[in-house]
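Chemist: If you're matching them up, the sequences are chains A and B in order.
Residues 7 to 454 in the working numbering are what the first sequence spells out, letter by letter.
Residues 59 to 371 in the working numbering are what the second sequence spells out, letter by letter.
Honestly, I wouldn't trust all of these hints.
List of simulated lysine-lysine pairs, BS3-like, C-alpha gap at most 30 Å [stated by the list, open to error]:
{"#": "1", "chain 1": "A", "residue 1": "Lys253", "chain 2": "A", "residue 2": "Lys140"}
{"#": "2", "chain 1": "A", "residue 1": "Lys449", "chain 2": "B", "residue 2": "Lys142"}
{"#": "3", "chain 1": "B", "residue 1": "Lys134", "chain 2": "A", "residue 2": "Lys449"}
{"#": "4", "chain 1": "A", "residue 1": "Lys262", "chain 2": "B", "residue 2": "Lys142"}
{"#": "5", "chain 1": "A", "residue 1": "Lys435", "chain 2": "B", "residue 2": "Lys142"}
{"#": "6", "chain 1": "A", "residue 1": "Lys93", "chain 2": "A", "residue 2": "Lys151"}
{"#": "7", "chain 1": "B", "residue 1": "Lys134", "chain 2": "A", "residue 2": "Lys446"}
{"#": "8", "chain 1": "B", "residue 1": "Lys142", "chain 2": "A", "residue 2": "Lys432"}
{"#": "9", "chain 1": "B", "residue 1": "Lys134", "chain 2": "A", "residue 2": "Lys140"}
{"#": "10", "chain 1": "B", "residue 1": "Lys273", "chain 2": "A", "residue 2": "Lys140"}
{"#": "11", "chain 1": "A", "residue 1": "Lys260", "chain 2": "B", "residue 2": "Lys142"}
Don't read these hints as lab results, they were simulated from the structure.
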Amino acid sequence: MTRPTSEAEYLANLVPASVRGVSRRTLLRGALGAGTLLAAPSLLAACGGNGGTSSGGAATGTVTIGSNQSDAVPKAAIQAVMDAFQKANSGLTTKINTIDHNSFQENINNYLQGSPDDVWMWFSGYRMRFFASKGLAGDVSDVWKNLAGMSDALKTASTGDDGKQYFVPSTYYPWAMFYRKSVFEKYGYTEPKTLDEFKTLGTQMKKDGLVPIAFGDKDGWPAMGTFDQLNLRVNGYQFHVDLMAGKEAWNGAKVKAVFDTWAGLLDMHQADSLGRTWQEAALTLQQKKAGTYLLGSFVAQQFAKGAEQEDLTFFNFPEVDSNIGADAIEAPIDGYMMAKRPKNEAGAKKLLGYVGSADAQNIVVKADPSVIATNDKADQAAYTSLQKKSVEFVGQAKSIAQFMDRDTRPDFASTVMIPAIQSFIKNPKDIDGLINNIEKQKKSIFAS
Amino acid sequence: MSTQTTPKGIKPKPSKPKRTKYKGIDHLSPVDRVVVSLMVGIPTLLVLWLVVAPAIGSVLLSFTNWDGIGPISSAKNVGLQNYKDVLTIYPPFVPALQHNLIWLGVTFFIATPIGMFLAVLLDREVRGSRVYQTAIYLPVVLSVALVGFIWQLIYSRDQGFINQVTGSSIDWYGDQRYNLWAALLASSWRHVGYIMLLYLAGLKGVDPTLREAAKVDGANERTTFFRVVFPVMFPINIIVFVVTLIESLRAFDLVWVINKGRNGLELISTLVTSNIVGEASRIGFGSALATFMLVISSVFIVIYLRMVMREQR
Chain A
7 MTRPTSEAEY
17 LANLVPASVR
27 GVSRRTLLRG
37 ALGAGTLLAA
47 PSLLAACGGN
57 GGTSSGGAAT
67 GTVTIGSNQS
77 DAVPKAAIQA
87 VMDAFQKANS
97 GLTTKINTID
107 HNSFQENINN
117 YLQGSPDDVW
127 MWFSGYRMRF
137 FASKGLAGDV
147 SDVWKNLAGM
157 SDALKTASTG
167 DDGKQYFVPS
177 TYYPWAMFYR
187 KSVFEKYGYT
197 EPKTLDEFKT
207 LGTQMKKDGL
217 VPIAFGDKDG
227 WPAMGTFDQL
237 NLRVNGYQFH
247 VDLMAGKEAW
257 NGAKVKAVFD
267 TWAGLLDMHQ
277 ADSLGRTWQE
287 AALTLQQKKA
297 GTYLLGSFVA
307 QQFAKGAEQE
317 DLTFFNFPEV
327 DSNIGADAIE
337 APIDGYMMAK
347 RPKNEAGAKK
357 LLGYVGSADA
367 QNIVVKADPS
377 VIATNDKADQ
387 AAYTSLQKKS
397 VEFVGQAKSI
407 AQFMDRDTRP
417 DFASTVMIPA
427 IQSFIKNPKD
437 IDGLINNIEK
447 QKKSIFAS
Chain B
59 MSTQTTPKGI
69 KPKPSKPKRT
79 KYKGIDHLSP
89 VDRVVVSLMV
99 GIPTLLVLWL
109 VVAPAIGSVL
119 LSFTNWDGIG
129 PISSAKNVGL
139 QNYKDVLTIY
149 PPFVPALQHN
159 LIWLGVTFFI
169 ATPIGMFLAV
179 LLDREVRGSR
189 VYQTAIYLPV
199 VLSVALVGFI
209 WQLIYSRDQG
219 FINQVTGSSI
229 DWYGDQRYNL
239 WAALLASSWR
249 HVGYIMLLYL
259 AGLKGVDPTL
269 REAAKVDGAN
279 ERTTFFRVVF
289 PVMFPINIIV
299 FVVTLIESLR
309 AFDLVWVINK
319 GRNGLELIST
329 LVTSNIVGEA
339 SRIGFGSALA
349 TFMLVISSVF
359 IVIYLRMVMR
369 EQR
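For reference, chain A alone in the conformation it holds in the complex (with noise of 0.2 Å):
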């Protein structure tokens, strides 16, 4: 269940998002509109001021944890690390703070600017960054002097721009195409390696009464998986990162190449998937009426456990030009980051130190069986075949993404990306009217 949770906001869970419903703080906002913020931001600073007092030397006390893992099954893998770090250090205490995951993306800005937990959980990224350039978190390079087990990648996506540390990686999950094994089998299916095997397969799915590829973006995010995955095979990684960095133009041929791909790929996809979550998607997949499914390996919530998750696999998605190959996928990393001043900096540090370390990563993996450990050193006997897998997949990877909301600016993300993927979804002709305005859009939002 991590996995969802940190996509960002506009995360679906498993409750219908109709029920879910919007947090009070959130309609208020709506209702008064910006005025509001114009003292919140300042008022709520008024009250964290004076957090700077950091014991140093021995950790005593108690640590804060800002956790947005607010469903049952992570919300209870938190407790246990917490727990076991509290048992393996008398003196410390933690206390968690959970906050409904949509409302602390939603509030994330003025939760920082406020009084903040000592440690949060947040993701890798461009978010990461953001934040750390922005002097909303604190420097944790001393806790990787001492983080056992961590692949230079991650240090490197721990990174912020200043070159110091500002997140520790707790466990993370790849983007790739899911089937079901029994499904594969009864009809005879290869994976497919290239685009053209996997339209082959696809039109003989459609013979055989399958939706080829699962589909559903009411959310608006998922798309955006289906997006990068086509990007990274057509352009490759370096442009993935330069794109979504602003560097690159998104009305170029490039860009224009992608959509074009995906244009031709749509009728492989489940129709009408706008009105549709992923939850629903995967269900079509779970119910066999879809070969295949393009998310991330958070999908394997929606299975049950044991025989059911055992049937569940993946194929990386397929190359479409042998000279870009198909080594770089997506992976994001959910981890913890400290705040700028936390209350007791050595206890947030000590946390760090252990949630990064495999015994708490351990703990983490079992509970949600759905995301791998980042540390090399995790148990990975008790896996199950999918995380297995997982590990593997990763592991042979030439470079690794995290996903388009993670690696660009949000505000680009959700007010300019989703509803023009969107709208392509709708309306694939008019590629060329959809990428200008995008770009154009992008000019404006990167200049500011």
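Could you slot chain B onto chain A? The hints should help.
Modeler: Relative to chain A, chain B alone:
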């Protein structure tokens, strides 16, 4: 108002009867002045602080590129850039404007009249009118989030009631061609009950002798309603009018719970929210959108005020 407060001024104080001379109906003693200025001043300050200042703040912010982080002084003045962007390169804006007007139109010309019509029917003491009343009013006590969810069960493409019964596979909440109307139906379902109850309460208060008199004069049901009852209910009509306006201008929650106001359900309020609230924090840009909302609302507020003023005259 002044006629109600001044009598206090002319009441002579028993202890010093000679000091307080009657100086005319407009005269206020010092105490009265303090009381009056407090009674006028405190609400005025509250309105200034809670309504006017934030509104002006929004307008001012709309000329900046503030991202909500750091002091507001770090915001850069970008002139009319945000407005230019809204009007030229922000694709959801025009649909949002249209949807807001459609929302207003449907609520005003369809949902409200239906609610009033139901009230008139129920006022005729039909058998079981309490049951109908309760049934029609019931949606009003539900939270809008719940209303959205209930209709989701009906509209869902794969598992929904409508598609199960009719065998169609229309994606009611997802397909742009239908989802605005689907949302309006859900919203009207709730609105009708509200208007029905308001209007019914008003109808119960109409003096029955008026109807009898109309009957004696030979007016039929229709004439009685339109020529006698409806005009008598002017205050209630105003309330219904205002409630309808408020409900449709603040249309937000239902659409937000359906799909956060995207893909055919754009409303200005949802655009403001998705730009300002959340990680996006395009506060300047969102404020520009909010200013458009303010202008639109002002038009209707002016209409309303003119109606009320005319009534008072």
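Chemist: Against this structure, judge whether each hint is valid.
Modeler: Against the structure, the hints come out as follows:
no. : hint                   : in the structure
1   : A:Lys253 with A:Lys140 : holds, 21 Å
2   : A:Lys449 with B:Lys142 : holds, 13 Å
3   : B:Lys134 with A:Lys449 : holds, 17 Å
4   : A:Lys262 with B:Lys142 : holds, 26 Å
5   : A:Lys435 with B:Lys142 : holds, 27 Å
6   : A:Lys93 with A:Lys151  : holds, 23 Å
7   : B:Lys134 with A:Lys446 : holds, 20 Å
8   : B:Lys142 with A:Lys432 : holds, 26 Å
9   : B:Lys134 with A:Lys140 : holds, 16 Å
10  : B:Lys273 with A:Lys140 : violated, 76 Å
11  : A:Lys260 with B:Lys142 : holds, 28 Å
In this structure, the one hint that does not hold is number 10.
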